[in-house]
Amino acid sequence: MAHFRTALLPTAALISSLTFFSFTPTAQASGVVITPADRAGQGFAFNANGEHWRNGVLEWRYNPDRAPKGAPSTDEIVAAVQQAAAKWMDVCNVQIVYRGQTSALPLGSKPDMINTVGWAAFAGEYEGMGSVTAYFAEDKNIIDADTALNDERPGGPYSVGELESAMTRAFGFALGLSYSDNPQSVMYGKTLDQMPSLAFQRILRGDDVAGCVKLYGETPQTKRNRVLNWGDAVVAAGGIGPTGRTTQYAAGYYYRYYPEGNTFVGEQNGTFYVLFPGQEIMPVGTMDELFPQAEAAGF
Numbered sequence: 001m002a003h004f005r006t007a008l009l010p011t012a013a014l015i016s017s018l019t020f021f022s023f024t025p026t027a028q029a030s031g032v033v034i035t036p037a038d039r040a041g042q043g044f045a046f047n048a049n050g051e052h053w054r055n056g057v058l059e060w061r062y063n064p065d066r067a068p069k070g071a072p073s074t075d076e077i078v079a080a081v082q083q084a085a086a087k088w089m090d091v092c093n094v095q096i097v098y099r100g101q102t103s104a105l106p107l108g109s110k111p112d113m114i115n116t117v118g119w120a121a122f123a124g125e126y127e128g129m130g131s132v133t134a135y136f137a138e139d140k141n142i143i144d145a146d147t148a149l150n151d152e153r154p155g156g157p158y159s160v161g162e163l164e165s166a167m168t169r170a171f172g173f174a175l176g177l178s179y180s181d182n183p184q185s186v187m188y189g190k191t192l193d194q195m196p197s198l199a200f201q202r203i204l205r206g207d208d209v210a211g212c213v214k215l216y217g218e219t220p221q222t223k224r225n226r227v228l229n230w231g232d233a234v235v236a237a238g239g240i241g242p243t244g245r246t247t248q249y250a251a252g253y254y255y256r257y258y259p260e261g262n263t264f265v266g267e268q269n270g271t272f273y274v275l276f277p278g279q280e281i282m283p284v285g286t287m288d289e290l291f292p293q294a295e296a297a298g299f
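For the sequence shown, the working numbering assigns the number 1 to the initial residue and increments by one for each residue that follows.
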């Protein structure tokens, strides 16, 4: 079995254009310029030079080769990665689009313009990590970003939920974010002992959103989804269901559904509601009332 370090690390001549991140992007962005002042009072950090996707679109493909025995099915893996992508699309003006399968290997020594999520053997400094994300950039524009998943991950293959969590963090790196210095952030931690748990990584925090918005801009749904992210954590704390749901739309409501408790949390016309089984829809507060609370709670 080829070792990841020797087979996939770039040559010295390419290191300056290839940025690695261990473990585990609208028209507005085309002219983005990042300066040290952008870091003032923030926990989030950008990659070396504020690299980003020029048009705010990351198209990715999945390579199922080398998927370890016991891993989820290809359909389950793709669905989990799409769920992770949707979390970023919920909060900033970026599109992360699945374009089918590929035979391209993740993390090659030169850009192939195929943004691959796939499997590899890890060795050396990467041994023990669950995933590694890297990208190539030209003139501050990301042109190729891959994520390699460890096919010999300690503790066994990712479950569907764990993969969704890991890819939520991985997409943050692929979009142009770096390690945050805010412990209440999915992007926090450069080492295994610093990293938030996989459960924590399933919900983007305010610091993560701020970094993405700085690169790609807000959408009309940004504040709504930050409140719903907070609601995710509240629902999980109440034992109704696991965290990390993404927003859906039906009957005039933007909502998240928790099948474990048959519960809906949603928003319509600036008011948030909750629907418990066997009860009427109940208002819980307006955007003006709830957003400051969500922000103060770290979302």
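Hints in this document: simulated from the structure, not taken from any laboratory.
The C-beta atom is built at its ideal place from N, Cα and C for all residues, glycine as well.
There may be inaccurate statements among the hints.
Derived pair list, reagent style DSBU-like, types lysine-lysine, alpha-carbon separation capped at 30 Å [unchecked claim]: (1) Lys223 with Lys140; (2) Lys69 with Lys223; (3) Lys223 with Lys110; (4) Lys140 with Lys110.
Distance windows between CB atoms, simulated [claimed, not checked]: (5) Ala251 with Gly155: 37 to 43 Å; (6) Glu127 with Phe276: 43 to 49 Å; (7) Val284 with Gln184: 34 to 40 Å; (8) Ala251 with Pro154: 25 to 31 Å.
Hint-by-hint comparison with the structure:
no.: 1; hint: Lys223 with Lys140; result: holds (28 Å)
no.: 2; hint: Lys69 with Lys223; result: violated (41 Å)
no.: 3; hint: Lys223 with Lys110; result: violated (39 Å)
no.: 4; hint: Lys140 with Lys110; result: holds (17 Å)
no.: 5; hint: Ala251 with Gly155: 37 to 43 Å; result: holds (42 Å)
no.: 6; hint: Glu127 with Phe276: 43 to 49 Å; result: holds (47 Å)
no.: 7; hint: Val284 with Gln184: 34 to 40 Å; result: violated (23 Å)
no.: 8; hint: Ala251 with Pro154: 25 to 31 Å; result: violated (45 Å)
Violated hints for the displayed structure, listed by number in ascending order: 2, 3, 7, 8.
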